[in-house]
Structures are given as C-alpha cells and as structure tokens.
Amino acid sequence: MNKKTYPLTVTLNGQKVTAEIDPSDMLAYVLRDKLGLTGTKIGCDEGECGACTVILDGQAVDSCILPAMKADGCEVMTVEGLAKGGELDPLQQAFIDKGAVQCGYCTPGLLMSARALLDENPHPSEQEIKDAVAGNLCRCTGYTKIIEAIKKVAR
Amino acid sequence: MWKEYLFPASVEEAVAMLAQWDGRARLIAGGTDLVLEFNEGKREADCLVDITRIPELKEITQQGDTITVGAAVTFRQLDDSLLIRQRATVLAEAAHTVGSRQIRNVATLGGNVVSALPAADGSLGLRALGAEAEVADIQGRRWLPLEELFESPGQSKIDASAQVLTALRFKALSSREGSAYERLARRRALALPILACGTAVGLSDDGRTFQWARVSLGPVAPVCFCAHCTEEFLIGAEVSPETMARAGEIALSESNPRSSLLRACKEYRQEMIKVLVRRGLERAVAKCQAPLSAE
Numbered sequence: 001m002n003k004k005t006y007p008l009t010v011t012l013n014g015q016k017v018t019a020e021i022d023p024s025d026m027l028a029y030v031l032r033d034k035l036g037l038t039g040t041k042i043g044c045d046e047g048e049c050g051a052c053t054v055i056l057d058g059q060a061v062d063s064c065i066l067p068a069m070k071a072d073g074c075e076v077m078t079v080e081g082l083a084k085g086g087e088l089d090p091l092q093q094a095f096i097d098k099g100a101v102q103c104g105y106c107t108p109g110l111l112m113s114a115r116a117l118l119d120e121n122p123h124p125s126e127q128e129i130k131d132a133v134a135g136n137l138c139r140c141t142g143y144t145k146i147i148e149a150i151k152k153v154a155r
Numbered sequence: 156m157w158k159e160y161l162f163p164a165s166v167e168e169a170v171a172m173l174a175q176w177d178g179r180a181r182l183i184a185g186g187t188d189l190v191l192e193f194n195e196g197k198r199e200a201d202c203l204v205d206i207t208r209i210p211e212l213k214e215i216t217q218q219g220d221t222i223t224v225g226a227a228v229t230f231r232q233l234d235d236s237l238l239i240r241q242r243a244t245v246l247a248e249a250a251h252t253v254g255s256r257q258i259r260n261v262a263t264l265g266g267n268v269v270s271a272l273p274a275a276d277g278s279l280g281l282r283a284l285g286a287e288a289e290v291a292d293i294q295g296r297r298w299l300p301l302e303e304l305f306e307s308p309g310q311s312k313i314d315a316s317a318q319v320l321t322a323l324r325f326k327a328l329s330s331r332e333g334s335a336y337e338r339l340a341r342r343r344a345l346a347l348p349i350l351a352c353g354t355a356v357g358l359s360d361d362g363r364t365f366q367w368a369r370v371s372l373g374p375v376a377p378v379c380f381c382a383h384c385t386e387e388f389l390i391g392a393e394v395s396p397e398t399m400a401r402a403g404e405i406a407l408s409e410s411n412p413r414s415s416l417l418r419a420c421k422e423y424r425q426e427m428i429k430v431l432v433r434r435g436l437e438r439a440v441a442k443c444q445a446p447l448s449a450e
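In order, the protein sequences belong to chains S and X. In terms of our numbering, the first sequence has 127 at position 127, counting the first letter as 1, and numbering is strictly consecutive. With the second sequence counted from 1, adding 155 to any position gets you our numbering.
If we strip away everything but chain X, and leave its shape as in the complex, we get:
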C-alpha cells in the first residue's frame, strides 16, 4: 500500500508531483475502483496523488455549444446537473446507473474513463456524445478523441503515474437532437451491466430522417465500443420502426460479446443488442421531438 498521500492544488502541481516520484506515484480520483484494485494486489504505488481537490477538475461548464466536464466531477454531479440532463441526457442516464448513491457521491467520470472497462457507463455515455478528452503531462495539455484512450480491458493508454486526464468535452445536443442510455443488469444498483447501450441522434428539420447517429455498446468488445456500421446505416435513413430494428441487427453483426459466468452468455447478449439498440434509438428520437424546457 501507499506510504504518502498528496493533494495537489492544480493540474500543474499534480503533474509535477508525479514527475518527482518518477513512476512510483499514481493518480487517484474517487478511488472506488482503484482502492479495490490495491486491496486485491493488482496495483502498487508508493504515493497517491489525489486530484479531487483541484477546483477546475470539479466543474461542469458550457461555452457556446460545448459542454466541458472536469475529470473529477462525480456521477452524482452529472446525475443532478440540469445542463447534462437536458443537453447530454445519455450521460446523465448513464451516471444514474453507476453503483449506488454512496458510490456515485465519490466515483468520478475521469476515473471511469481511466479504469477502461469495456462496459464503463460513463465512457459509453461519453462515446455516444462523441466526446474528446484532455490529457496533461509534463509537456503540457492536449485534446484527444476519447476512443484513443482505451488500450485493453482495464488498461487505459493514459499512464496514471505520469499523466492526468483533466476534462471531457462534447457538443451540447440541440432541440433536433436527442440521446438515451439503455442498460440491462441483474439488479438496478451495484451491478455491472449485462449489456449497456448509449444512443445519440440528430434528425432532419422535418423530423423524418436521421442526419447522424452514434451508438455505443458494452461489453461487446475488449474496449468501450462504437457501432460505426450502424451509425453509417442510419445517416439519411427514414425514422421508422423498421429502420431502428434494422439498426439493431447491424449493431449485432459488428459486435462480439463474450459469455460471462457472472452475468450472461454470449447468445443472450447478442439477442439483447438488438433490443437495446432499438429501444435506445426510439427513446433518443422521442427526445428530439420533446421541446426543451427553459435553460
């Protein structure tokens, strides 16, 4: 276990602390995954650098059409945020499904991304929104597409002993756009998903065709997955029950779920891909037609 526990006041200080420990320190946010990994002996570090007291990492902000969520924003904050509920519904709904109230009060969106589980609810919500991530290290900060951060199950490309995931950003959805999160688990709290699906769509002005769509699915691949063939199929397609059912079929054809002893067999997951994609698209479309309440 770690011998030192530090609270940097800024991102720059966090990066400097990590550099000073030269690979022997590791970043911690909420710690709800990380502490368990330490207890199981899967991780080692001499020092933890806690980023949850850095003010800029705890904010949800909107500038123009862009929403930026600090990496240390908790799932509770996302769940409670009117801005996220209205303009990034898929992320608010995904946040609400994480763990329990106690976990959501502590666990962070950035931690969820860096934990890199293929069915991470936060990451699936973000992928449906086409999010980008900002990473800071000794060289400075840069924005990367979210999908570039995932290496393999449980393994992020972010080196938590040298780099800090600082923020996630995405475009706020407009009135002709909508999103939803569908999730199937053995119970409605404290259960990893059997299958989860994030959907976001934009409709034409007359509401009859899809202008664009994003469909994220997990766990159906080693990393948090986006169904690109399904998304391409939907561009320009008529908004109809047939189209949405077909989208589910295509999503199935490009996914590769595995059997899990604890949760579900591959065959069941395959059947449910069709159902969740269809339901997610239906709900995302319904949100496009619903008027936005006052901001």
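Just chain S, with the same shape it has in the complex:
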C-alpha cells in the first residue's frame, strides 16, 4: 500500500528542521529514528512513565503518544538542547552534583519536566516540584535526590 509521507517542520532545539514522516508517527520515534536525537527515551510507550518527555511550545509533553503532526510548525526542545556552548544546563549539573542519576534512563525526561517547570516558575515550592515530575517514573533513586537537584536550581 502506498503510504503518503508528510514533510514535518519543527524548530528543534532552536534550529528549523524538516523530516519526511508518516502521518501516524509519534513524535518520540520521529526524534529518535528520523532526526537522530536518541536522548529522548521510550519506556512504557503509553504516556505513563515520562521517559519520552520533551518540551513542546513551552510545555512538557509525553512524546511517545503525541502524534508528530501535532508538533508541525512548533518549537520542540529535547534533552540535547539543554547544554549551551559546551556548558551543561544548571539542572544537568545539579543532577550530577546531587547524585540524582543512577541507571539514567529516566533522566532526560525528568530534566525536561524540570526545565519546563523552572522556565515557567523559577521559584517553585517543593509541592510544585513534586507535582511537575509526578509523571516521570524513576525506579532507582527513590526521587529524593531528584527533588533535591531541582530544588538546588530553583532556589
């Protein structure tokens, strides 16, 4: 069967890019398989674990269940867009400093949820931090160090 492709255009980590996609592709797969950015992880593939979190027009979204077409013409930021000019984002540094990374699989998603929160609200309360990352599952750390790392940047 002939599948029609669509030229998807997004501003990805500040740069305009185009990819030929199948209209039924999910954004996470387009980012990983068509645009080569494998920092975005796929865990549950059903919008539960948050490993695939990216920032779409300023808001954290689960990219594994987001039709890529929804991102057409929009700004997308992935974990690859956090470090600037060889300098880690303060959140990335805080995750390292506080030992908030163990196996690391959830880390890109957590960083993007935290970044979206801090971009909107630079001084969140602990409850607001917990609320913002409640959709990111981590099976290693028990969350304490993750919350501490975000708090370190939020202060």
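It should be emphasised that the hints constitute simulated quantities derived from the structure, not laboratory data. Be aware that one or more of the hints could be misleading.
Stated by the list, open to error - SDA-like mimics (lysine to any residue), calculated; alpha carbons at most 25 Å apart, straight line:
1. S:K152 x S:P122
2. S:K34 x X:L191
3. S:K4 x X:M172
4. X:K421 x X:S236
5. X:K158 x S:P122
6. X:K158 x S:Y29
Said to hold, decoys possible - A few chain S residues facing chain X, derived, Cβ under 8 Å:
7. G36
8. V61
9. D62
10. I65
11. L118
Heads up, the beta-carbon is just placed ideally off N, CA and C, and yes, glycines get one too.
Given chain S's structure and the hints, the job is docking chain X onto it.
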C-alpha cells in the same frame, strides 16, 4: 493506523472534512486516550481530524453568569484558570487530578467527555456543575444536557466520525454556592480513581439549609453518574454533619459500584461512597462561607 492527518481552521471545516471522508475519518483532540486505543487496535480510521488548532475551541469565556469552556481546552488550562478555580472549583480540582503534568498539558475536557469513561474526572466535574454540551454536525449546532452524551462505558453517543463536541457550559457559582472534588486512587498521579465524587451546593441566605445540591460519582454505574435521590434529599435539608452523613448513605443506596481487580472491590467502594460524599459536601459548604476574592 491513519494515513492522513488534517488540521481544520474552524468547526464548520472540521464537520465538512468528516463528511467528506464519509465515516472513515475520526476526530482527535489531545489524543491521550485515543492514541492508546489505536495502539491497542480498538479503533480504526483512515484519517484523523485534529481540532486543537481551532481558536474558538481553546477558550474559557464568561458571559453574565455562564461559563463556556471550549472542547479543546486542556486540563492544564482548567487547572490554571482563576475563573474556573473560583467559580467552578469542582472542575479545577478534578482537572488537577488527571494523569500527570505531561498529560494535562495535552488532554482536553472535550476528549474526556467523548471518551465516556464512567469515572472520567472532567465529566464528573461537569456533571456536578449541571453542564450542557454543544454538538456540531452537518445540520448545525445544538446544546444538549451532558448526561445525554453517555451511552455505555467508553462509548459516547457522539459519533466522532461525523460530529464535533464544541463546548461545555454551566452556571458560574456565586458566593452562596460552593463545590469540591474528592478522589481516591492508588497514587496521586497517573492513576484512575478507585472512586471519585463531585459535589456542588447552594445554601439559603442564612447559610442554614441547602437550596440545591448536585452529587456526581464514578465509577459506580456504566456511565458517569449523578446521585439524584441524594440531591433531592438535600433540597431544604439543614446544613449539619447528620445531613451530610445521611446524604452519603443515600448516595450509597442509589449507586452500584463493581469490583475491579486493578483498583478496589465493590465493598470497599461502597464504604468509600459514604466517606467521599460526606467530605465533598463538607468542603463544598465550607467554600460557600469563604468570601470570593477579587475577580
């Protein structure tokens, strides 16, 4: 999976696109339920018509006493809206309990209604507010009581291959009225409710009796449920701990929850109906006495 994905610019265009595809296209809003249903093979369509770029569907507006919420308004928008928090608290609280931040940023109120789950938080909040829904199709638009949209678990009476749910509207609560949403789940995010209850009440001028009340519950019936006997009992009843406890008993008697392997047994849900209805009424009453902050 679908082969085409379209963004209509208006409701009329969306309806025309659906008509053109003659049953083979389906509407999509946030897609947080729908994409999973496609992945599980429960749905099929050749084309998706995405309504989330239609400006009028993304607005929360107030005209006089009526609040209108566009069907593509996200749970995040509801959660953040001062108007909804103050004048339709039950809906703001319900919105906050949905999924996770990532889901609330995408999932829409209209999608929640059309997904037609008996414990849909958005629908339970709306039912407590006595909401109406506007449906558009090739014949035009019309307002219907919300309860007329639910067919069976997961099945809406709205035909998403031909019709568009465009808006939900309800009366803004005044200073002598209050509402609240109670929810019990295995965790506080990304968990469907074991039981959820929306309450809205209006009190007499002296604050001593209920003038009216609405109590929504889920999942206690095949569709999003309103406890009408409980509501009737409360009209004219004294505002007291005894009345609110009795309301919980009556709500239990008119509900029929089932056992769920994943969430809770019927017996536990029955016990919790009494607790959630009482707590919801207490909090809704407390909000009536709280002064409204500046609008």
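Cross-check of the supplied hints:
no. : hint            : verdict
1   : S:K152 x S:P122 : holds, 11 Å
2   : S:K34 x X:L191  : holds, 22 Å
3   : S:K4 x X:M172   : holds, 18 Å
4   : X:K421 x X:S236 : violated, 35 Å
5   : X:K158 x S:P122 : violated, 42 Å
6   : X:K158 x S:Y29  : holds, 17 Å
7   : G36             : violated, 23 Å
8   : V61             : holds, 5 Å
9   : D62             : holds, 4 Å
10  : I65             : holds, 5 Å
11  : L118            : violated, 13 Å
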